[in-house]
Structure formats: structure tokens, C-alpha cells
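Student: Taken in order, these protein sequences are the chains called A and B.
Going by the working numbering, the first sequence opens with residue 1, and the numbers climb by one from there.
Going by the working numbering, the second sequence opens with residue 1, and the numbers climb by one from there.
There's no promise every hint is true.
[Unchecked claim] A few chain B residues facing chain A, derived, Cβ under 10 Å:
hint: 1; residue: Ala203
hint: 2; residue: Ala206
hint: 3; residue: Glu209
hint: 4; residue: Ile219
hint: 5; residue: Pro259
[What the hints assert, rightly or not] Partner residues aside, some chain A positions facing chain B, computed with beta carbon under 7 Å:
hint: 6; residue: Lys100
hint: 7; residue: Val124
hint: 8; residue: Ala125
Hints listed in this document are in silico derivations from the structure and should not be mistaken for laboratory results.
By construction, the Cβ of each residue, glycine as well, lies at the ideal position given by its N, Cα and C atoms.
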Amino acid sequence: MTAPTQFPELTPLPGQPVHAPSGPPILKAENITVRFGGVVAVGDISLAVRPGEILGLIGPNGAGKTTLFNALTGFVTPSGGRVTYNGRDITNMQPQARAKLGMARTFQVERPFEDLSVLENVLVAAFLKYRGTKAEDHAYAVLERVGLADRATQPAAQLNLARRRRLELAKVLALEPKVLFLDESIAGLNPPGQQEMVALIRTLAHSGLAIVMVEHIMHVIMSLSDHVICMAFGELLAEGDPHEVAAHPDVIRAYLGDDND
Amino acid sequence: MTATAPSTRSRPRALTFGNVWLSVALVAILFIYPFVFGKAMNFGISTLLFAGFAMSWNILGGWAGQTSLGHAALLGIGAYSMTLLATPERLPPFLTSPLAPWWGALIGMVIAVAVAAVWGWLTFRLQGSYFALSSIAVALVIRLVVINSNWTGGAEGLFMPDLPKFFGFDLFDRETEYWLAFGFVVLTLVITHLIRRSRMGYALQAVREDEDGARALGIDPARMKLLAFMLSAALMALGGSLYALYLQAFEPHTILELPLSIQIALLAIIGGRTTIQGPLVGALVLSIFGEVFRNVFSNANLLIYGVLILLVTLFAPQGIMGLFNRAGSKLGTAR
Ligand SMILES: Nc1ncnc2c1ncn2[C@@H]1O[C@H](COP(=O)(O)OP(=O)(O)OP(=O)(O)O)[C@@H](O)[C@H]1O
Ligand SMILES: [Mg+2]
């Protein structure tokens, strides 16, 4: 298939980008600004996702992608702008309340509950929608889905990076969300791991989930998404078709500048 | 475990009560104690009461991970409430004699829960060690109020009045008190096992490990900590009522002071705060050590606590139960 001498990051990923059915957006953010002291981490960014759509978010290190996620999921209160979910203003809603509405996020640096087993980690999330042994059954079914069932009893602290990523995904899937925010779930995985993750994300989108994903690896985004937003220094650089965005001069400059460090 | 078993029945379980057999074994020992050491009832009762206090403390300190150094105040609320309301003229007229002191105990639990609700609401905005520090301050305020009020007996404290027989049992009889304290320990143990298997238990552990991680999964950390605190407070007050029975007379400086709060916290921490039976084991081990060494050194308790804190922090951050677990023993598979 592919030449073995290729760099892992250049391994082509099979599959077509997901084209979402048209319809009203489930999540909409208008003119989001986040300031930390004098630093504008996110400046005037707007976005919208529809059910079944994968929205890609790219940009060099420190561009403000994670901060934007934090603003959208309630971990940071934006200094300006508005977030609506199904038309309802949720700008100042707590993260736990957003989770109950159907918004779920992973963390860029995975944060399993280390004292708990893999199954118990997912069980904590499964309790959002289920009670008692139903929650346990649900948690185990999710583990089977992400391929972690054989690790169910292992302490989460013992997992390697790839499995920690999958656990992170299992926890958000156990919430049965409608909108999913993935913060660099793929970078750092080996090629087979990347392919599995990409396939899983594609299935999730086909099942009607709205997905916003941050990813550094351009060809991963291209294989999944038909709409990307590129940020640098908190500002919007380019938006639209991933191939056009990747070819945009400002985007190339931002990434080349990033490569120099 | 046997090899491959495809049926879903054999899949791993997370919803369990924890190591019930270890608890049964410990309770069996406590049950046999009065038949073997009938002469050392004072030691038995105080050990049991402190075991129950440590178990109650641990619902907040261990499960929710919020170190309180003010729990003596909640114990005191139970003790004062029972003693004050045991005086017949303070009872509501519809209450008949056998229930008299328990009315006070119940009121004490209600007051303790209310105090915990306000106290937690005020202090759970503070992270980590700030909660511990603020708990000292809140307990100090409660102590000052008690010392400076007349109806609480001020700095002199209170005497437990004569109590009617409780279904034929003399409440000042050491044997009766032992079984009451035994019931208290069993109650805290059963509640802890129930927490272990519950949604609340998992939410509390998630909050203890990572509040933001818990929030992302729909858990409200402040609410969970408050629930744990209120449950912990109710049990502390109940134990405090029994402690008042046992002491018969007490002063604010024995029952409301910081050293008592610290002692209760240390029993749980040394025993193993992230385990079910840790606080009970800690209380048993430390009481026995204290008793054995009391004749060898004076002030042995202080010395033993000091040495044990050092040993635990250096070699067994998970406490005595953590040592068992690490030794590969199946004893008390924690949580
Ligand atoms: N809590 C905070 N307080 C102050 N500054 C912050 C905080 N969080 C992020 N920043 C700053 O905001 C900017 C954007 O950071 P952010 O983590 O959102 O970038 P990112 O695009 O996710 O980067 P990366 O690709 O490295 O994950 C950075 O300059 C960062 O230092
Ligand atoms: Mg980031």
C-alpha cells in the first residue's frame, strides 16, 4: 500500500471527508473574545456546527484553539461574544450544565481519574444518563466500542498514550453527547492508531454527532472535514474548504513561522 | 480467574460494595470484644466512638478529598444538643420518657447538617488547603459562641442529667454504651459501603481526583462536596451524642478544640483515607498502640502520633490499608 519510508505524519488516511446534511446549527458562537490580562487569547471568533458536521480548527501553537474550546464548553467565561445551543443562550452556563445539555469535550492533556480503573472512569460519565447496573452495562459497551474492553479492570494510571486517548474518548461518548469537542485526539498516535481514531470519528459524525476538532495534522483534518477554521494569535486567518485554507498565504506564513521555533 | 468465558456475565464489574468480608471480619472482632475484655469497657467504647468519628470524617475527607480540621465542632453540636435536651423541662410535652435523649440527638444531627450546609457553602469556593484552614476558623467561631453563652454552660461545660431507662437499658451502663457505639461504627461502615457502590461515590472520587475533569462529565463539584459534608456532619453529631453519654460531663475545651479535630483526621489518614475500612483500622491500631505504650512513656499518644505521621507520609501515603493493598494482599481492595 504505502511506501514504508514515509514519515508517519504523511501516511495517507483512507476515507472521504464528511459532508453534513444542511440544516440549522446545533451550536453557534458569535464574536467570542477571551482576554487574559492584556493578552487576547481569542479575538472575535465566530463559528457554527450542524448535526453530522465535522468542523476543523487548526492553527499554530498558542493560537488560542484550546482557549476557544474552554470558552465554548464553559471552562472559561468569554470577555465578549455569545454562545447558543439549539438557539438557547448558554454563554454563562457552567460546564457541568452544558454536559447535561449534550456538550462533551476531551482535554488536550488527557486527564483520567488515575485512582480509578478504566471501567470506573467511564462509569463516572455513564451515570449522567443511566443509573445502577444500566450505567455499568453502558460504560462497558462504550469500552468495547473504542477497543478498551480488555483493559477494563486496569488502573487508568497504567495506560499508555494511545489508550489514554481512547479512554478520554470513551468518557465523552458515555455522556451520549450531541456536540463533541475533540482537542488534539490524534496527534502523537502512531499511524495505525491515527487511522482507527479517524475511522471512529467519521462513524460518530455519520451517526449525527456535531464535532468540533482541533488538530495540528493537516491531512487528518482534510480526510475528515469539509470546513475548517484557521486561527493564529487568537485571530481568524482563513475559513472554508480545507484545501483552500491550507493554500492560503497567511496560513502558510503562520505555519512556517511556527516551524522556525 | 478462569480463562476465556464469552458470556457477558463474566465481564468485569465496577459496581460492587468493595471488600465486604474484611468489614465483616472487623465487625466480628468488635462484636466479640466485650465477651473477652469485659473489664476494659472504657477503652472499647472510646475506641469504637473514635473509629466511628474517623469513618464519618472520611466521607468528606477521604471520598470528597476535603481535609477538614474542624470536625470536632460537629461532634460538639451532637454532644451539646443531646445533653441540653435531655433535661426534662426542655422537652416538648408530647415526648415520652424512653425517647428523651434521642430527641436531642436527632435535633443535634439536624443542626449539624444545617451548619455544614452553610459552612460548606461558604468555604467550598476555596481550593485545597484553604478549605482545611478555613475549617479551623469556622470551628473556632463555634467554640467561641459556646464558651461565651450561658445556656451552653459557658467554659464550665455540661453534666448529662439522669436519664430514664431506654427500653430497660441503663444508658450509663458501660455495656449498653458499648453496643450503642458498636451500632454507630456499623452504621458508618454500612453507609461507606453503600457510597462505594453508588453514583454519588463515583462522583465524589472524580471530584477528589480532578474537579475540572468531573465538571466535564456533568458533575457539580460544589454540590457533591456539600452532600458529602452534610452526611458526614449528621454522623459526627450522632457520634457526638453517644460521646456525651460516655463522658457524662464535658467541657468545651475537651470536645470543641482543634486537637480533637486533628486526632480524628489523623486516624482516617493514617488508616487510609481512600479506602473503605482505613479509618476504622487506623482507629483500632492507634488506640491499641496508645494503650500498650501508655505505661511505657508518659504522653505516649503525642509521641506515637508524631512518629506514625512521619512514617505514613514517608512510606505509606495511602495509609495502613494502602500498605496491605500494595503487599498484593486482597485485603480491602480499597475504594
Ligand atoms: N489560563 C490562562 N491564563 C493566561 N494565559 C493563557 C491561559 N490559557 C491560555 N493562555 C494563553 O493564551 C494563548 C492561547 O493558548 P491556547 O492554549 O488556547 O493555544 P492553542 O492554540 O490551544 O495552542 P496549542 O496548539 O499549543 O495547544 C497562549 O498565549 C497562552 O499562553
Ligand atoms: Mg491547545
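Student: Run every hint past the structure and note whether it holds.
Tutor: To see whether the hints hold, each was checked on the structure:
no. : hint   : verdict
1   : Ala203 : 7 Å, holds
2   : Ala206 : 5 Å, holds
3   : Glu209 : 4 Å, holds
4   : Ile219 : 6 Å, holds
5   : Pro259 : 30 Å, violated
6   : Lys100 : 5 Å, holds
7   : Val124 : 5 Å, holds
8   : Ala125 : 4 Å, holds
Of the numbered hints listed earlier, the single one contradicted by the structure is hint 5.
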